[in-house]
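Throw the hints in and build the complete structure from the sequences for me.
2 protein chains.
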Amino acid sequence: MTTPPDLAAAAFRTELLDAGLLIPTGVDGLYGRSAAYEQVAEGLERAISAMTAADGAERMRFPPLLSRQEFLASGYLKGFPHLAGTISCFCGNEADHRRLLQCIEADEDWSALQQPAEVVVTPAACYPVYPVVARRGPLPEAGLLVDVSSYCFRHEPSVDPCRMQMFRMREQVRIGTAAQVLAFRNAWLERGADWIRRLGVPVTTDLASDPFFGRAGKLMADGQIGQQLKFELLIPVSSADAPTACLSCNYHMTHFSEIWPLRTPDGNLAHTGCVAFGIDRLTLALFRHHGFDLNAWPADVRGQVFASEVFT
Amino acid sequence: MTTPPDLAAAAFRTELLDAGLLIPTGVDGLYGRSAAYEQVAEGLERAISAMTAADGAERMRFPPLLSRQEFLASGYLKGFPHLAGTISCFCGNEADHRRLLQCIEADEDWSALQQPAEVVVTPAACYPVYPVVARRGPLPEAGLLVDVSSYCFRHEPSVDPCRMQMFRMREQVRIGTAAQVLAFRNAWLERGADWIRRLGVPVTTDLASDPFFGRAGKLMADGQIGQQLKFELLIPVSSADAPTACLSCNYHMTHFSEIWPLRTPDGNLAHTGCVAFGIDRLTLALFRHHGFDLNAWPADVRGQVFASEVFT
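One line per chain: the protein sequences are B and Z, in this order. Numbered according to the working numbering, the first sequence terminates at residue 1204, and the numbering increases by one at each position without gaps. Numbered according to the working numbering, the second sequence terminates at residue 1204, and the numbering increases by one at each position without gaps.
Hints in this document: simulated from the structure, not taken from any laboratory. Backbone N, C-alpha and C fix where the C-beta goes; we use that ideal spot for every residue, glycine too.
To be clear about the criterion: a stretch of chain Z counts as covered by chain B if any three or more of its residues have a C-beta under 8 Å from a C-beta of chain B, and this derived list gives those stretches:
1. 908-919
2. 948-954
3. 1008-1015
Derived Cβ-Cβ restraints for the label pairs, each shown as a range:
4. Z:Glu1048 <-> B:Pro1157: 35 to 43 Å
5. Z:Gly948 <-> B:Pro916: 19 to 27 Å
6. B:Glu1048 <-> Z:Thr1146: 34 to 42 Å
7. B:Asp1185 <-> Z:Thr894: 56 to 64 Å
8. B:Asp1185 <-> Z:Gly1029: 22 to 30 Å
9. B:Pro916 <-> Z:Thr1146: 19 to 27 Å
10. Z:Pro1094 <-> B:Cys995: 41 to 49 Å
11. Z:Asn1078 <-> B:Asp988: 34 to 42 Å
Here you go:
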């Protein structure tokens, strides 16, 4: 007898909340984190910095908001309208303000008093990178490797603690020729799995697709599988039977260079790819497999998570 | 002859962008950060952890989103409607999706295809703390001290790099009796100024008010000044003549315990206060006063920012 994945996930969330590692906010998928949880999440960020220190990535950090104009240009709303979060603001006068407060008091709709802001919530850590790199002009011969990390938003309320609405994603982003990007993406399949195994956690690799919207999306997902664009490294976390994607290795072909002028030195469309670490999912995987007491974790795992270099 | 503050601020932003410390996104007040910038910001976070290690704060971390219900309850929209950011999502079917994409293509308004989400962008790092602490029941005798840090949103596009739309705020939050909270708030006036001076940066302290909206807001601001609820620690950053608030020491009286059931052990309304460090403003202050080359900073400043303990 096995437990259905959704019941197992809800039970794991209850354990995490009862232990105080996650803090409820009243919204499924939005949680505060305890000091111990953050120590692991920050330790994983440092461990990734240590592992990739010799790769020569350019480190950039962006706040978890994105220019609305760049977001619309990205085409994200074509594939994933159901996951996106846009931001609105109040731009009215004092009479509008009184109406706003009256609507809230009466529990009436006040969206007519809101205007779209110039920003949206970041859907994936690498999205701010492409327009920034494109503005610099053609790439160097060796292409570019960028290291980013950000909280990201996906509107998918769930009782599964591995499916948060706001979660941290660390990424290595490769921009260059098709050969450069494919070599990078393919090397990470083994490199990522080795790293996860060294953390004392079981891992399998599988071909995957993104959660595209609707029937047209089904065709896009099939195409993605057929072209072997996305691989996921899976760890049993919330459920033993339905493992969770904790790391993904992606090849975008020329998707982003058709939107922003990313060009190789010879003027051709650049290819892009990224490796995305789900920091919160990896944190939960460590708690699942090594227990909630950090002091009881295997010494070599503690060494990797808590004793890595801080800066690259 | 002095430079008007807004021209000085715009010039400072140009210097930061030209040096690559800030990365433009096309939106005023939304910037990427370089590796060097982040090294300073992260160093300041660690320096604050080291300075406050013996205070016994409970460390909590929240993603930069807040429950919409708690946000409405907080009354933020009464005082600061113009600064808030709410989040909307697409919840439609495939026909709605086609209309959404047609509207975007034709540059038409598509807000009717957006629904309010259960979350908003966090306006101040301490906002998620009060409902969480209230749910635990009455406070212990000694009250509570909570350490939080988060990206925060304020809708005020500006050319002043010290006035970002998305910026990091580290806070120490005190919840207890009036005497406990006032002792905490008042002690930080000197403690905060001493800490800033040790970073080799000039600082002055001034009574202040929050940027309340409209004419009614003017009265609230006057009341806040009259009751000496808010003090700011100011550093000349973007302009020599108009110094920037980089740290604020606040006493909220029973504002938050009238909204959420924060109670002292004897059942009375708890008082709250907080000390808020503007991490990005402090980072910019260090660059302004010690230059853009980290290696040329005074050794004792480097020691404080880059050699502090990582964990509390």
